[in-house]
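Q: Residue-level listing of the chains:
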Amino acid sequence: MPGEPLEPRLAAYLALRLPQASGLGVEGLERIAGGASRETYRFRARWSEDGNPRERRLILRRDPPASLIDTERRIEFAAYRAFHGSGVPVPEMLWLEEDPAHLDYPFFVAEEIAGFQASPQVLFSGAYEVAIPKLARRNWEILGEIARADPVELGLTEVMDAPAPDQCWRRELGHWEAILDRDEPEPLPITRAAIRWLRANPPPPAQKVAVVHGDYRTGNYLYDEAGEIHAVLDWEMAHLGDPLEDLAWAFNPVWSFGQGERVSGLCDKAEAVATWEKASGLRADPAALHWWTLFNCVKGQAIWVGSAAAFLSGANKAPIMVYPAWWLMNAQDRATLKVMGKL
Amino acid sequence: MTPSVPAVLAELGQLCVRYADPTAPAAERAADLGLTAALLGIAAEVWDGAAANLVDENRALRRLLGLQGEDADLRLSALKAENDRLRALTIEAHTAAEAAQDAARQAEIWSELRLSTERRRLSSALV
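Protein sequence lines, in the order shown, are assigned to chains E and H.
Each step along the first sequence adds one to the number in numbering that gives the first Met the number 0, with nothing skipped, and position 66 is 65.
Each step along the second sequence adds one to the number in numbering that gives the first Met the number 0, with nothing skipped, and position 75 is 74.
Take these hints with a grain of salt, some might be off.
The list that follows gives simulated cross-link-like pairs (lysine to aspartate or glutamate, EDC-like), each with its CA atoms no further than 16 Å apart [as the list claims (entries may be wrong)]:
1. E:337 to H:111
2. E:341 to H:107
3. E:133 to E:223
4. H:79 to E:185
5. H:79 to E:183
6. E:337 to H:117
7. E:268 to E:185
8. H:79 to H:107
9. H:79 to H:69
10. E:341 to H:69
11. E:207 to E:276
12. E:341 to H:117
In case anyone wonders, no lab produced these hints; they're calculated from the structure.
This one's a predicted model, so the numbers in the text were calculated from it and none came from an experiment.
Work out the full structure, taking the sequences as your base and the hints as a guide.
A: In structure tokens form, the structure reads like this:
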């Protein structure tokens with residue numbers, strides 16, 4: 000929203016972090032469309048160092064005044080750092096700043112991985128059709144790598160709570176149901192029916208307590224025309240839990256982006272499961288996967304409802320808070336019906 | 000739709016006024032105005048049928064719930080308030096039908112819920 004320009008304040012902050020730099024300036028600051036849980040900007044930092052001109056393309060990810068989800072940016076930052084340099088491609092994290100004195104809200108700065116696409120609309124425009132088979136394989140392989148990773152070795156158990164394997168589903172369902180109870184702007188009979196079914200038919204305990212990205216789907220990674228994935232983004236909902244939660248989030252029908260039965264718009268479900276199982280070394284039990292897919296319909300609805308609540312409370316009246324509520328609440332209801340076999 | 004169309008249009012109007020100021024910071028302009036255009040498109044799409052859809056749905060829900068009555072106040076805000084009341088009662092009826100293991104009643108309710116998503120479906124819907 001219009002207000003005090005960010006550029007000079009961001010430049011002042013970077014100058015603190017780069018004491019060897021002189022004449023540091025911020026250019027080309029631009030908000031990246033989408034993303035209602037964080038405000039994401041790209042920009043170029045330019046400065047002189049030892050008499051030589053320097054330039055770096057960077058990303059600023061700042062908390063908004065109110066978000067559709069309340070998440071801990073320290074955990075997001077830690078998740079990115081944990082996977083940097085691994086088989087799970089992520090951008091390099093540079094600085095985490097939780098003092099709101101600098102840019103009004105907490106934020107972090109990361110490298111920009113430039114030159115690639117993230118947009119599902121571009122991906123499914125027809126121009127990338129040749130790349131989709133490889134992209135599908137890489138998508139499920141990388142998700143399998145996340146599931147295979149050891150949270151202790153990654154140091155993530157120091158910043159994330161580890162539930163017992165038989166409590167993963169209960170914790171997640173309780174969390175998102177409480178958000179619905181708090182934020183629901185109107186009665187949601189389909190979502191409430193789904194919650195009753197989930198509670199009456201709990202899944203088996205998790206095979207392992209793994210890193211769960213929490214929002215792994217088409218639209219949250221950078222891809223190229225050859226079908227390679229260059230960065231997995233948007234780790235703000237990362238936590239430890241049942242790895243099937245992640246696989247099933249990508250199976251939420253809203254993330255098929257109108258591509259019919261292709262999960263995440265990429266390939267059929269059997270192919271996705273087989274690739275994920277091979278990469279993760281885990282098994283996707285069909286009944287458990289169904290439970291988590293329906294759970295993710297509830298989770299999705301809680302997120303869209305949260306955006307409406309932020310707007311209605313006046314905490315954040317930006318257009319991005321309205322768009323998920325208007326565009327996705329009914330689509331999520333239809334997805335829920337579909338997963339329950341009622342559509 | 001929630002938030003209501005008038006509340007959103009009022010906010011988008013203010014946003015356009017702010018961005019009309021040539022000294023307004025430009026960093027968010029493209030993203031905000033792009034979303035504004037998308038939201039205006041959705042508002043335009045739902046405008047004509049909004050009242051009719053709510054009246055139809057409220058009638059269907061009263062029929063499902065065995066209630067009498069008709070919408071007398073045709074303002075969208077009044078129709079939506081009545082719709083919220085009826086959908087809350089539908090949740091209660093659905094829960095009761097499940098507890099009673101009344102499959103026929105559950106099927107009736109699911110049928111109406113399926114129709115409710117058709118009424119609300121946007122041309123750009125993902126599902």
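Q: Hints first: check each against the structure and report whether it holds.
A: These are the hints, each one checked on the structure:
no., hint, in the structure
1, E:337 to H:111, "holds (15 Å)"
2, E:341 to H:107, "holds (12 Å)"
3, E:133 to E:223, "holds (11 Å)"
4, H:79 to E:185, "holds (9 Å)"
5, H:79 to E:183, "holds (15 Å)"
6, E:337 to H:117, "holds (13 Å)"
7, E:268 to E:185, "violated (33 Å)"
8, H:79 to H:107, "violated (22 Å)"
9, H:79 to H:69, "holds (13 Å)"
10, E:341 to H:69, "violated (29 Å)"
11, E:207 to E:276, "holds (13 Å)"
12, E:341 to H:117, "holds (13 Å)"
Comparing the model with each earlier hint shows violations of hints 7, 8 and 10; every other hint is respected.
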